[in-house]
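**Q** Chain by chain, the residues:
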Amino acid sequence: DQQVKQNSPSLSVQEGRISILNCDYTNSMFDYFLWYKKYPAEGPTFLISISSIKDKNEDGRFTVFLNKSAKHLSLHIVPSQPGDSAVYFCAASNRIQGAQKLVFGQGTRLTINP
Amino acid sequence: EAQVTQNPRYLITVTGKKLTVTCSQNMNHEYMSWYRQDPGLGLRQIYYSMNVEVTDKGDVPEGYKVSRKEKRNFPLILESPSPNQTSLYFCASKMNWAAYGYTFGSGTRLTVV
Numbered sequence: 001d002q003q004v005k006q007n008s009p010s011l012s013v014q015e016g017r018i019s020i021l022n023c024d025y026t027n028s029m030f031d032y033f034l035w036y037k038k039y040p041a042e043g044p045t046f047l048i049s050i051s052s053i054k055d056k057n058e059d060g061r062f063t064v065f066l067n068k069s070a071k072h073l074s075l076h077i078v079p080s081q082p083g084d085s086a087v088y089f090c091a092a093s094n095r096i097q098g099a100q101k102l103v104f105g106q107g108t109r110l111t112i113n114p
Numbered sequence: 001e002a003q004v005t006q007n008p009r010y011l012i013t014v015t016g017k018k019l020t021v022t023c024s025q026n027m028n029h030e031y032m033s034w035y036r037q038d039p040g041l042g043l044r045q046i047y048y049s050m051n052v053e054v055t056d057k058g059d060v061p062e063g064y065k066v067s068r069k070e071k072r073n074f075p076l077i078l079e080s081p082s083p084n085q086t087s088l089y090f091c092a093s094k095m096n097w098a099a100y101g102y103t104f105g106s107g108t109r110l111t112v113v
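These protein sequence lines map, in sequence, to chains A and B.
Here our numbering is used: the first residue of the first sequence is 1, the next is one more, and so on.
Here our numbering is used: the first residue of the second sequence is 1, the next is one more, and so on.
Hint data in this document are derived by calculation from the structure and do not stem from the laboratory.
The reader is advised that the hints may include incorrect statements.
[Stated by the list, open to error] In silico DSS-like pairs for lysine-lysine, Cα to Cα no more than 30 Å straight-line: (1) B/69 <-> A/101; (2) A/5 <-> B/57; (3) A/101 <-> B/18; (4) B/57 <-> A/37; (5) B/57 <-> A/101; (6) A/68 <-> B/71; (7) A/71 <-> B/18; (8) B/71 <-> A/101; (9) A/37 <-> B/17; (10) A/5 <-> B/65.
It should be emphasised that the depicted structure is a prediction, and the values quoted were computed from it without experimental measurement.
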């Protein structure tokens, strides 16, 4: 049972435009969400997170939006740069179950074209 | 430099030959975990450890063992590897069980033939 789903395996965006990566979840108990970025031959690195008490969190070019009613979150990258080409993982957790239980999505490979 | 170090980075082995993947962190983190990454499945947790001598199963623990005798080390043991354990493995650590931000190692690509 895939509780966190990233339905787009890949996404291609022109440099300078907006990249939008989507993530859906099924467990309504999730209350904290994270995005990780992964380059080839490296481990995932933390990018940005959002608590369920918020609907938006911004950090420079990266913004995460959370729609709790739709159980959907998205990561916006504006403007997209070639160095943003990577695999992006969405992850979710809940405080009751304990933060050790991070559930990851399948990942979306983002390619930024010059 | 704060980091999680895994060894080896690449490993090809034969079915049934016991192997250990080492993981070490230098951040004095209490919590450590092992994940495997497979195409179309994302990252799935194998085992985790909340502190020394405290370990528990994740989502896919079958065929794996772990130990946490020291705070900095969390080795992953495959007693009798099988081809379905061919995968990309990541060790990760974080400050404690309540923290959300993992630091991941660079990964170990294991092939079992």
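**Q** Evaluate each hint against the coordinates.
**A** Outcome of the hint check:
This hinted pair checks out: residue 69 of chain B and residue 101 of chain A have alpha carbons roughly 22 Å apart, not beyond 30 Å. Distance restraint check for residue 5 of chain A and residue 57 of chain B: the Cα-Cα separation of roughly 23 Å lies within the 30 Å cut-off, and the hinted pair is therefore satisfied. Taking the CA atoms of residue 101 of chain A and residue 18 of chain B, the gap is about 28 Å. The hint holds against a cut of 30 Å. For a cut-off of 30 Å, the pair hint linking residue 57 of chain B to residue 37 of chain A stands: about 25 Å separates their Cα positions.
For the given pair, residue 57 of chain B sits about 11 Å from residue 101 of chain A by alpha-carbon distance, which is consistent with the 30 Å threshold. For the given pair, residue 68 of chain A sits about 38 Å from residue 71 of chain B by alpha-carbon distance, which is inconsistent with the 30 Å threshold. With a C-alpha separation of about 43 Å, the suggested pairing of residue 71 of chain A with residue 18 of chain B is violated against the 30 Å cut-off. Distance hint between residue 71 of chain B and residue 101 of chain A is fulfilled; the C-alpha atoms sit about 20 Å from each other, no more than 30 Å.
Between residue 37 of chain A and residue 17 of chain B the alpha-carbon distance is near 34 Å, which puts this suggested pair outside the 30 Å criterion. Taking the CA atoms of residue 5 of chain A and residue 65 of chain B, the gap is about 28 Å. The hint holds against a cut of 30 Å.
Violated hints, listed in ascending order, are 6, 7 and 9; each of the other numbered hints is respected by the structure.
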